[in-house]
Amino acid sequence: MINGVEVASHFRDVNHQYASNKEGIWLFMVTEILMFGGLFVGYIINHTIYPEVFAEGASYLDWHMGFVNTLVLIFSSLTMALGIYFNQISKPKWATWSLAITVLCGAIFMVIKYFEYTHKFHLGIFPGRMINPERMAEEGHPMQHANLGLYFGFYYCMTGLHGLHVLIGMGLITWVMIRNIRGEFSPKYYTPIEGIGIFWHIVDLIWIFLFPLLYLVG
Amino acid sequence: MERVFGVGIFDPKLGGDPVLFQHFFWFYSHPAVYIMILPAMGIVSELITTYSKKTIFGYTAIAFSSIGIAAVSFFVWGHHMFVSGQSELAGVLFSFITMLVGVPTAIKMFNWLATLYKGSIEFRAPMLFALGFLFLFAIGGVTGIILAVTAVDVHFHDTYFVVAHFHYVMVGGTLMAIMGGFYHWFPKMFGKMYNDVTARISWVFIFVGFNVTFFPQFILGAKGMPRRYFDYIPEYENLNKISTIGSWLIGIGFLFGLYTIIRGLTSGEKAPPNPWGAKTLEWQTESPPTMHNFDHDPIVTAGPYEYK
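Protein sequence lines, in the order shown, are assigned to chains A and B.
Note that the first sequence ends on residue 218 in my numbering; no numbers are left out.
Note that the second sequence ends on residue 308 in my numbering; no numbers are left out.
One thing to keep in mind: the hints can contain errors.
[Stated by the list, open to error] Derived SDA-like pairs: lysine to any residue, alpha-carbon spacing no greater than 25 angstroms straight-line:
hint	chain 1	residue 1	chain 2	residue 2
1	B	K241	B	P226
2	B	K13	A	M130
3	B	K13	A	E52
[As the list claims (entries may be wrong)] Ranges of calculated distance between the beta carbons of each label pair, as one might list FRET restraints:
hint	chain 1	residue 1	chain 2	residue 2	range
4	A	N15	B	A71	32 to 42 angstroms
5	A	M35	B	L89	29 to 39 angstroms
6	A	P133	B	N238	34 to 44 angstroms
Because the hints were derived from the structure by calculation, they are not lab data.
Please read these numbers as outputs of a predicted model, since none were measured by experiment.
Beta carbons: idealized from backbone N, C-alpha and C, even for Gly.
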């Protein structure tokens, strides 16, 4: 215990512990970027070979929905940062509300994503081999390129993995929000919110790359 | 994802590319084996200086060659794909870069040998494992250069030659170093001594058994026996039988090792702070170390490898 903060025995002081914890989260973020990096590299290679397939695929996406989701996530990054800021200036109630709005934004994002997915399923648009050209023709959108499923393979993998991260992020933010309501954080100690904040910003940043790559190409 | 949902990124029917999967896989998996060997090399440097009571030869060169191996490791993945249909230019480049790995690796080998030169060598179990490392890893490394030659690899690709090469570097290299390091730091970790005689018997069985198991596989591979098949033609029978007998010897060796460890843990004598007369800092405190490692700040008067 130093200044009312629990410090593990292998750290010099509170700052050492705080800096080490943050470094750990950043290292984790590097692995996250490596994981998404594989998908991005696959995207680049296939987009270079089949630009017309990616253009056709993007025409099935509604950029309005993607744009609204982009705004929602950017706003949620602001409220996430406020959740940390209000703890730093000893306003834990305001921090709780900021975190609650962040979770709400995550939920709005997922609901919009849900409507986008179900609409595509309705049109017979599934990833890869599972795409259903007959159904698409019936719905009035005949498939132009035989390997359109490739684009949607990327679409579902990239947005699906990202959506999973949003869900996990919402769970983690809810967890620190409950801890915040219990009064576990103070201007001296708010490391878990900071760490989850870094995670949330990276998830947001990945979406900022996914939006133009998937919705705006062609 | 590819199999369950048929995503199609690697499916040629949809314009995807299975070779892309190979690229992704080896871009990760080749550096991954270097992640296994580099710490092993660090362990070997410790063992060789401690049990020959000599200053490590060329410390800077050893350190920089580690960084060299790590850096080059990201640019050699294509040597797994000489027969995948990648371009000839790519094959030549990957072959050349792969051979470059031999340079820092050889620097380390010669530094370790120079460290041993005129040292007071004690043949304790950890040292035997370190010497086993030098011997087996040298064979593994040199056969790696053979495999890096594109023309030769067309013949050896996916044969038992590759299996033998891989085991010589990963088992003969990494596992030998891990076992040596485990015995070396056993007193420090558990505060108890193990029986060096049974540990040495374990090493004899493992070392001999390893060579009996895997050396015939070089010959099998050179004769054309492919890997990943459960059956083989009668011509390969004798060598395969020798290999099987060798694996039993390895098994016996590890049983001796297990016995040594369990006996050491249950009824080993209390370990003194520095049973090996080592110079590095971890040996200048109790075994096992106290909370926060030292009761008082240790006073450092000599470098970690200054034996004489």
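Comparing the hints with the structure gives:
1. K241(B) to P226(B): holds, 16 angstroms
2. K13(B) to M130(A): holds, 12 angstroms
3. K13(B) to E52(A): At roughly 17 angstroms apart (the allowed maximum being 25 angstroms), E52(A) and K13(B) satisfy the hint.
4. N15(A) to A71(B): 32 to 42 angstroms: holds, 33 angstroms
5. M35(A) to L89(B): 29 to 39 angstroms: Check passed, 30 angstroms falls within 29 to 39 angstroms.
6. P133(A) to N238(B): 34 to 44 angstroms: Between P133(A) and N238(B), where Cβ atoms are some 58 angstroms apart, the hint is violated.
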